[in-house]
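Student: Listed here are the chains, written in short residue letters.
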Amino acid sequence: MKSGVVETPKTAQGGRLGSQVFPLLPFFAFTGYFLIWPVLAVTLRSLRGNEGEWTFSNYTPLLHGSYLHAFVTSIKLSLVTSVIGSLLGALFAFVVVRYATGRFSAVLDSISAVFANSGGVPLAFMFIAAFGTEGLVTRVLKTLGWDIYAGHFTIFSFTGVVMVYSFFQIPLMFLVFKPAIGGLRKEWLEASTNLGATQLTYWRRVAIPMLMPSFIGAFFLLFAGGFSAYATARALTVGTVPLVPIIIGTLVDGNVVSDQQNLGDALAVGMIIVAGVAMVGYIWAQKSAAKWRQS
Amino acid sequence: MKISPFKWILIGASAFLSLLIFVFPLFAAATYSFRGEAGKGRSLANYRWLLEQDGFYPNLFTSLKLAALAGILSLVLMVPTMVFLNLKAQRYKPLVDFLCILPLIIPVVSLAIGAQVAMPEFVQNSEYELVFFFAIIALPYTYRALDTSLQTVPLKTLVEASRSLGASWVATILKVIVPAIRSGILGALFLAFALGIGEFTITSLLHWETFPTWTVGAAQSNILGAIALSVFSFVGAIALLATISLISRRGTKPESLESEDEGVLL
Chain C
1 MKSGVVETPK TAQGGRLGSQ VFPLLPFFAF TGYFLIWPVL AVTLRSLRGN
51 EGEWTFSNYT PLLHGSYLHA FVTSIKLSLV TSVIGSLLGA LFAFVVVRYA
101 TGRFSAVLDS ISAVFANSGG VPLAFMFIAA FGTEGLVTRV LKTLGWDIYA
151 GHFTIFSFTG VVMVYSFFQI PLMFLVFKPA IGGLRKEWLE ASTNLGATQL
201 TYWRRVAIPM LMPSFIGAFF LLFAGGFSAY ATARALTVGT VPLVPIIIGT
251 LVDGNVVSDQ QNLGDALAVG MIIVAGVAMV GYIWAQKSAA KWRQS
Chain E
296 MKISPFKWIL IGASAFLSLL IFVFPLFAAA TYSFRGEAGK GRSLANYRWL
346 LEQDGFYPNL FTSLKLAALA GILSLVLMVP TMVFLNLKAQ RYKPLVDFLC
396 ILPLIIPVVS LAIGAQVAMP EFVQNSEYEL VFFFAIIALP YTYRALDTSL
446 QTVPLKTLVE ASRSLGASWV ATILKVIVPA IRSGILGALF LAFALGIGEF
496 TITSLLHWET FPTWTVGAAQ SNILGAIALS VFSFVGAIAL LATISLISRR
546 GTKPESLESE DEGVLL
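Same order as they appear, the protein sequences are chains C and E.
Residues 1 to 295 in this note's numbering are what the first sequence spells out, letter by letter.
Residues 296 to 561 in this note's numbering are what the second sequence spells out, letter by letter.
Certain hints may be false.
Just so you have them, the derived chain E footprint on chain C, three or more residues with Cβ under 8 Å [what the hints assert, rightly or not]:
no., stretch
1, 84-93
2, 111-118
3, 135-143
4, 226-232
5, 266-274
Derived by calculation from the structure, the hints in this document are not laboratory data.
Just so you know, even glycine gets a beta-carbon here, dropped at the ideal spot from N, CA and C.
Next comes chain C alone, as it looks inside the complex (with noise of 0.2 Å):
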C-alpha cells in the first residue's frame, strides 16, 4: 500500500481516475451520509447556544462536577477493562496457537466471535444469574466459606461492570491478537536460537517487539468499544455507576428541555473525541504493525 492520500490530482489521468471512483460513489454517499454526516451534524448543533448562536458554553458542564467524574469514571473502566482484556486475550491467543489443533481453534474461534459481540443486555442478566446476591456463585463461595457481598462488592458496582465487560473484552482480544501471534515465524526462533539465544531472550529481543504494535493497536480497540459500551452497563446498573452513555441515555430518554439536549449534544461530542484519540493509537500502531510485517 503506497500512501493513505486520497485527493484525486487534477492531471490528463482525469477521466481514469473518475471512471476509478464512481462505482464506488454509492458506499461513499452511504458512509457520507449515515456515518459521518450525523457525527458532523451533531457537533454543529453542540457548538450552538438556545438563541443559534456560536458558543462553547455546552462545554463548559463537562469541565467540572458530576460530568467530569462520569467522564473520568468512564475512561478509567475502559482502560482497567482493556488492560484485563488484552492481557487475559493475548495469553489465550498464544496457548490457543501454541498448543491447539486446528479444529479446536477453528471453534474457539466461532465461540469467541459470539462472546466478542455478547455486550448486549443478556449478558447483564446472565452475571446477576452467576454473581448477584442471590447468583449461583456468590451461593456456592459462600457455602465455602467465602461470602463475596461481605464488603463492598457487588455485581451492579464498578467492580461488577469491569466483571461483566472481560466476558466481551477478553474474546474480542483473543480474535484480534490471534493472527499476529499465529504471524510470527518458526524461522525467527531458529534463526535467534542458531545465534546462541534463550527462548527468554528470544522473547525480549525478537518476538515481543514484533508483537506490540499489534498489541497497542488491539488495546485501543478495546479501549474504543469499552468506552462506548451501553446495553449492558445500563442493563446491569441501572445508573448506579456514572458513565457517560448511561447518561446520554437519560438525556435521551426524559423528556428533553433544550439546556438538556444542548448537554447531550456535547457529551456525545465528548465521547467522539475520546475515542477520536484511542483512534489515533489505533491507526498509529497498524501503521507501524504493518512497517513490521513488509520488512
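Since the structure of chain C is already known, use the hints to place chain E on it.
Tutor: Frame of chain C; chain E shown alone:
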C-alpha cells in the same frame, strides 16, 4: 515438541481462567433458567412464561425483518464496492478501510444522537431507518469478511475472462464473482444479520422497539424469565455462528474435496 512443565502451567491457567470467566456465568444462567415455579425443582416454566408474553413474537419478527434487510443492504452495497476496490481502485483502499473501521471507534451512542439531529423527519418516522444504521454498524465485519475472501480468488483473471467473453459488469459480478466468493458473502450476510438481531443501543436511543429493547422491559417483572431469555439469546447466537462456519466451510472446502475425489477416481 518437548513436554515442559511451563506448557502445562500455561494450559492449566488458561483453562481455569476461562472456566471462571466464561463457563461459570453461562452455567449459572442455564441452571437458573430451568428453575421451577416459586424457585423449586426443575421445569421449563420460565421459557413458557417467555413465549406467553405479549410482544414476544411481534418483536422477534420485527428484529428478524430489520436484521435480514440490513444483511441484504450490506451485501448490495459492499459486494460491488469491494470488487471494484480490489480490482481497479486499489488507491482508495486506505480510505475505504478507514471508513469501515470508524463504526468500531465512533461511540454508537454518539452516532445515535447524531442520527436524531441529521436525519430528516420522514426517515426518523420509519422503523426502517434502523436498517441503514445496522448496516453501518456491521461495516467493519462485512468489509473484513468480503476482503478476506476476495484475496483468495484470482479476481483479475476471472473478470478479464468474463468480460472478454462479452459478459456485462452486472453479469460478471453476479455469475462469476459472487459464486467464487460465496463463503465470504454468506459470512458477511450472517454477521450483519446477527449484529442487527442483537442491536440495542441505536434502537433504544432512537425510541424504536425491537426484540432486545423489549426484553429489558419484560425482564423487569420476572428476573428468572429474563435469565431464560439471555440463555435463549446466547444459544441462538451460537447456533447462528455454528451455521455460518458450517456454510463457509462448505463454501471453501469443495475444491480440495473434489480434487481428492478425482484422485480416488483416477
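Student: List in ascending order the numbers of the hints, as given earlier, that are violated by the structure.
Tutor: Hint check: nothing fails, all pass.
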